[in-house]
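Engineer: Build the full structure now, drawing on both the sequences and the hints.
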Amino acid sequence: EVKQDLANGGTHVPELKLCGVESMEEVQELIRVGMRNRSTCATNMNEHSSRSHMVFSVQVTCHDLLKGGTAFGKMHLIDLAGS
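In terms of our numbering, the sequence shown opens at residue 1 and continues consecutively.
The hints are simulated quantities; they were obtained by calculation from the structure and are not laboratory data.
All the pointers check out, no bait thrown in.
The calculated lysine-lysine pairs, modelled on DSS-like cross-linking and capped at a C-alpha distance of 27 Å, are:
1) K17 / K74
2) K17 / K3
3) K74 / K3
Ranges of calculated distance between the beta carbons of each label pair, as one might list FRET restraints:
4) L30 / L65: 22 to 32 Å
5) E25 / K3: 24 to 34 Å
6) T11 / M75: 13 to 23 Å
7) H63 / R38: 26 to 36 Å
8) K67 / H12: 30 to 40 Å
The model shown is predicted, which means the values in this text are computed figures rather than measured ones.
Yeah, the Cβ is synthetic: ideal placement off N, Cα and C, and Gly gets one too.
Structural biologist: If you want it as C-alpha coordinates, here you go:
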(Lines of atoms letter the chains of each structure in order from A and count residues from 1; the text may use other names and numbers.)
(Lines give C-alpha, C1' and ligand atoms only; values in the text may rest on other atoms or scores of the structure.)
Protein backbone atom coordinates (compact mmCIF):
# COMPACT_ATOMS: atom_id res chain seq x y z
CA GLU A 1 0.00 0.00 0.00
CA VAL A 2 1.64 3.23 -1.18
CA LYS A 3 1.02 6.31 0.96
CA GLN A 4 1.56 9.99 0.27
CA ASP A 5 4.23 11.65 2.37
CA LEU A 6 2.81 15.17 2.60
CA ALA A 7 5.70 16.46 4.70
CA ASN A 8 8.30 15.56 2.03
CA GLY A 9 6.09 15.74 -1.07
CA GLY A 10 6.76 12.12 -2.02
CA THR A 11 5.46 8.65 -1.36
CA HIS A 12 6.35 5.86 1.06
CA VAL A 13 5.36 2.27 1.75
CA PRO A 14 4.66 1.36 5.40
CA GLU A 15 6.85 -1.48 6.70
CA LEU A 16 9.17 -1.24 3.68
CA LYS A 17 12.61 -2.58 4.52
CA LEU A 18 15.97 -1.40 3.24
CA CYS A 19 18.58 -4.14 3.54
CA GLY A 20 22.27 -3.73 2.90
CA VAL A 21 23.96 -6.71 1.24
CA GLU A 22 27.51 -7.54 0.26
CA SER A 23 27.13 -10.71 -1.81
CA MET A 24 24.91 -12.28 -4.45
CA GLU A 25 23.93 -14.95 -1.91
CA GLU A 26 22.49 -12.26 0.37
CA VAL A 27 20.52 -10.82 -2.58
CA GLN A 28 19.13 -14.27 -3.43
CA GLU A 29 18.10 -14.83 0.18
CA LEU A 30 16.17 -11.55 0.23
CA ILE A 31 14.38 -12.59 -2.97
CA ARG A 32 13.47 -15.94 -1.34
CA VAL A 33 12.08 -14.12 1.72
CA GLY A 34 10.00 -11.85 -0.52
CA MET A 35 8.66 -14.79 -2.51
CA ARG A 36 7.64 -16.61 0.71
CA ASN A 37 5.67 -13.54 1.80
CA ARG A 38 3.60 -13.40 -1.40
CA SER A 39 0.10 -14.80 -1.76
CA THR A 40 -0.52 -17.16 -4.68
CA CYS A 41 -3.61 -19.00 -5.86
CA ALA A 42 -4.64 -20.96 -8.95
CA THR A 43 -6.83 -19.25 -11.53
CA ASN A 44 -8.37 -20.43 -14.78
CA MET A 45 -5.56 -18.65 -16.64
CA ASN A 46 -2.57 -19.70 -14.56
CA GLU A 47 -2.22 -22.37 -11.88
CA HIS A 48 0.53 -20.38 -10.10
CA SER A 49 -0.93 -16.88 -10.41
CA SER A 50 0.31 -14.40 -7.82
CA ARG A 51 -2.30 -12.46 -5.86
CA SER A 52 0.08 -9.72 -4.82
CA HIS A 53 2.44 -7.25 -6.43
CA MET A 54 6.17 -7.38 -5.81
CA VAL A 55 8.63 -4.53 -6.28
CA PHE A 56 12.28 -5.42 -5.88
CA SER A 57 14.53 -2.37 -6.00
CA VAL A 58 18.29 -2.61 -6.25
CA GLN A 59 20.52 0.33 -5.42
CA VAL A 60 24.23 -0.04 -6.09
CA THR A 61 26.93 2.29 -4.82
CA CYS A 62 30.49 1.71 -5.97
CA HIS A 63 33.43 3.54 -4.44
CA ASP A 64 36.67 3.75 -6.45
CA LEU A 65 39.28 3.59 -3.72
CA LEU A 66 42.13 4.48 -6.10
CA LYS A 67 40.61 7.52 -7.81
CA GLY A 68 38.20 8.55 -5.05
CA GLY A 69 35.12 8.56 -7.26
CA THR A 70 31.67 7.15 -6.53
CA ALA A 71 29.16 5.65 -8.96
CA PHE A 72 25.51 5.04 -8.17
CA GLY A 73 22.85 3.00 -9.97
CA LYS A 74 19.25 2.01 -9.32
CA MET A 75 17.03 -0.69 -10.86
CA HIS A 76 13.41 -1.65 -10.10
CA LEU A 77 12.03 -5.11 -10.92
CA ILE A 78 8.22 -5.14 -10.80
CA ASP A 79 5.93 -8.18 -10.89
CA LEU A 80 2.25 -7.26 -11.02
CA ALA A 81 -0.40 -9.55 -9.54
CA GLY A 82 -1.80 -11.97 -12.08
CA SER A 83 0.88 -11.33 -14.69
